[in-house]
Structures are given as C-alpha cells and as structure tokens.
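Order-wise, the sequence lines are chains A and B.
With this note's numbering, the residue at position 8 of the first sequence is 8, and numbering never jumps.
Counting from 1 along the second sequence, just add 145 to a position and that's the residue number in this note's numbering.
Don't read these hints as lab results, they were simulated from the structure.
Accuracy of the hints is not assured; some may be wrong.
[As the list claims (entries may be wrong)] With a straight-line Cα cutoff of 27 Å, these simulated BS3-like cross-link-like pairs (lysine-lysine) come out: (1) A:33 with B:232; (2) A:82 with A:99; (3) A:33 with A:82; (4) B:232 with A:56; (5) A:49 with A:99; (6) A:56 with A:33.
[Said to hold, decoys possible] Over the 10 Å line for every Cβ pair with chain B, so calculated as not near, a few chain A residues: (7) 36; (8) 48; (9) 49; (10) 55; (11) 59; (12) 67; (13) 83; (14) 87; (15) 88; (16) 95; (17) 107; (18) 129; (19) 135.
Quick caveat, the model's predicted, so the values are computed rather than measured.
Heads up, the beta-carbon is just placed ideally off N, CA and C, and yes, glycines get one too.
Residue strings, one per chain:
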Amino acid sequence: MSVLKKVATLLVGDNNTSSVNWLKMPKKRALKKLTERELLTLESEVGSKLFGPIPKGHRREFFCLDERTWIWHEEWLDEKRKLTTSTVRYEINEHGVLKVQEGARYTYIEGEELQNFGIAIRMYYEQVAREVYSRDPATGESLVQ
Amino acid sequence: MAEQQNTSMYHVPASQEAVVVRSPEIIPTEVELARQQAMESALDAREADPTDVDRRRIEGLLGESTIAAAEIAVASPELSFNPRDPKHLVAAGRQVVRMRDIERGEGTPIVSELVIHEQQRDKGNFRLAA
C-alpha cells in the first residue's frame with residue numbers, strides 16, 4: 001500500500017483503495033497554465049457570442065490577436081454543402097479601424113459598424129476578464145481567492 | 146597692480162557692487178539642489194496618492210499580484226470609453242494581451258501557481274511550481 005493510500009485510509013477510515021480517487025485533481029482546472037493558442041480559443045468562445053446567436057451550421061470566431069489586431073472568422077456550409085469561410089482582420093491605427101478582407105479589400109469602418117465594433121471590444125474585454133481570466137474588469141483584481 | 150586685479154574673471158567693478166557674480170562652480174550645485182527639491186516636492190505630492198503604482202512599486206510596498214492587478218486596472222476603459230476612439234480600442238486590446246501574458250506566466254506572476262505535472266497527474270501527484 002502506497003504512502004498516499006495509507007494516509008487516505010488514516011484520514012477517512014476506509015480500507016477501500018478506490019477511495020483515494022477524491023485526491024486526484026480534476027483534469028479541467030483553472031490553475032493549469034495554458035498556451036497562448038488555448039487561451040485564444042477560450043477567448044474566442046466568449047468573443048463569438050458577442051454578436052448574437054450563431055446561425056445553425058456556422059462556426060464563428062472573434063478574438064484579439066494583439067493589442068491592435070482583431071480577427072473575425074466565420075465558416076459554414078453553403079447550399080451545395082461546400083465549406084465557405086470568411087475572415088476579416090481589423091487593424092487599429094491612429095486614423096481609425098482598418099478592415100482587411102480577402103481579395104485585398106481595405107476599408108476604414110465608420111458609422112454604425114465602427115460603433116458596434118468598439119462596443120464589441122469593450123464587451124469582449126469585460127467578459128473575457130471575468131470568464132476566462134477570473135478578474136474584475138474594473139479593478140483588475142483576481143476574483144479567485 | 147590694482148589694474149591687474151581688476152582683470153580677474155570674478156572682479157566686481159566698484160560701480161556694480163550690487164551685482165552678484167557667481168562662481169561657475171556654484172551654479173551647477175544650485176541647479177542640482179533645486180532639482181532635488183523639485184523632485185522631493187513632486188514625490189511628496191505623489192505620496193498622497195495611494196493608487197500610485199509606480200512609486201509604491203519602487204518602494205517595494207506592493208506584492209506582485211497587486212502590481213499585476215493594478216497594471217491591468219490602471220489602463221482599464223473608464224466610463225467615458227469611446228467606442229470610436231482608436232486609443233480606447235487599443236487600450237482595451239492591450240489589457241486583454243496583458244491578462245493573457247500573466248496567465249501564461251510571461252507577465253508579472255499573479256501567484257505561485259499549482260501546476261499539475263502532466264505525467265503524474267493520473268497518479269494523483271502534483272507539484273508546486275516555483
């Protein structure tokens with residue numbers, strides 16, 4: 001009998017060796033360090049929901065690549081069951097927000113689109129802070145004690 | 146002889162006795178003193194601000210986790226967040242990246258994290274990372 005099992009037996013008074021299972025850490029736990037890609041995936045889960053319900057059969061991603069770059073990606077199957085994708089890169093510079101789409105299309109977003117984009121970024125920050133990083137978005141303090 | 150003395154660099158002509166002539170060596174000292182006084186008064190003024198992260202960090206008054214939290218919060222979008230202002234948008238993105246870096250352990254560490262040793266996890270063993 002391992003030392004761990006002996007200790008468990010002493011603590012819980014149970015000779016059943018399977019009772020040490022409660023000592024195992026859950027595999028899905030917050031404190032394990034994640035890679036940047038894994039964190040981006042978690043952030044994107046939050047980001048994808050900022051723009052309302054995702055149409056059935058669509059997969060959407062929206063995430064912050066770096067402090068000046070945001071990515072929108074959506075893919076779905078068209079009527080002919082062909083996979084269609086759309087990726088938009090938003091680049092923030094001192095002049096505004098440059099929207100870069102496939103086919104070398106570059107436009108500065110304005111009006112309602114710019115307003116919505118800005119609000120989405122703010123919501124992204126607040127929700128990602130709480131849901132992914134467990135931090136209060138207003139104070140930056142950890143919500144996990 | 147008297148004429149020779151009058152050619153001295155620091156000679157004060159009789160007609161201008163009221164004019165203060167300073168030694169070149171004194172001036173830098175005074176400038177330095179004035180600079181120090183200005184710095185001290187500026188620091189005193191900053192001391193009144195309990196949220197001054199830079200000063201408290203220098204003085205070692207903050208724990209690492211507090212510094213990390215404060216750095217995120219310092220640049221947090223305030224109520225006046227303007228969704229059309231590129232500076233505000235960049236600030237929000239910067240905070241996200243900062244939180245991400247901290248989580249990955251590349252920023253200021255939040256706490257010593259309990260990291261599961263992947264190979265031993267299923268045996269119920271884990272180790273405390275430094």
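Q.
Just want to verify: residue 95 (chain A) was marked as not at the interface with chain B; is every Cβ pair farther apart than 10 Å?
A. Its Cβ does come within 10 Å of chain B, the nearest being 7 Å, so this is violated.
Q. Any Cβ of chain B at or closer than 10 Å to residue 55 (chain A), or is the non-interface label fine?
A. Holds, since 25 Å exceeds 10 Å.
Q: Starting from residue 82 (chain A), check that the Cα of residue 99 (chain A) is at most 27 Å away, please.
A: Roughly 26 Å separates the two Cα atoms, so the pair holds.
(Q) For residue 33 (chain A) and residue 82 (chain A), compute the direct alpha-carbon distance and say whether it is at most 27 Å. (A) 37 Å, violated
Q) Is the nearest CB of chain B more than 10 Å from the CB of residue 88 (chain A)? A) 15 Å, holds
(Q) Is the claim that residue 135 (chain A) lies outside the interface with chain B correct, judged by CB distances over 10 Å? (A) 6 Å, violated
Q | Assertion that residue 129 (chain A) lies outside the chain B interface [Cβ separation over 10 Å] | A | At roughly 6 Å from the nearest Cβ of chain B, residue 129 (chain A) sits no farther out than 10 Å, so the non-interface label is violated.
Q: Just double-check residue 107 (chain A) for me: nearest Cβ-Cβ distance to chain B has to come out over 10 Å.
A: It holds; residue 107 (chain A) is separated from chain B by about 15 Å at its closest Cβ, greater than 10 Å.
Q: With a cut-off of 27 Å on the C-alpha distance, tell me whether residue 56 (chain A) and residue 33 (chain A) pass.
A: Status violated; Cα separation ~33 Å.
Q | chain B versus residue 49 (chain A) - minimum CB to CB distance exceeding 10 Å, so not interface | A | Holds, since 16 Å exceeds 10 Å.
Q: Would you mind confirming whether the straight-line C-alpha gap from residue 232 (chain B) to residue 56 (chain A) stays at or under 27 Å?
A: 36 Å, violated
Q: Could you let me know if the closest chain B CB is still more than 10 Å away from the CB of residue 36 (chain A)?
A: 6 Å, violated
Of the hints listed earlier, those the structure fails to meet are numbers 1, 3, 4, 6, 7, 12, 16, 18, 19, in rising order.
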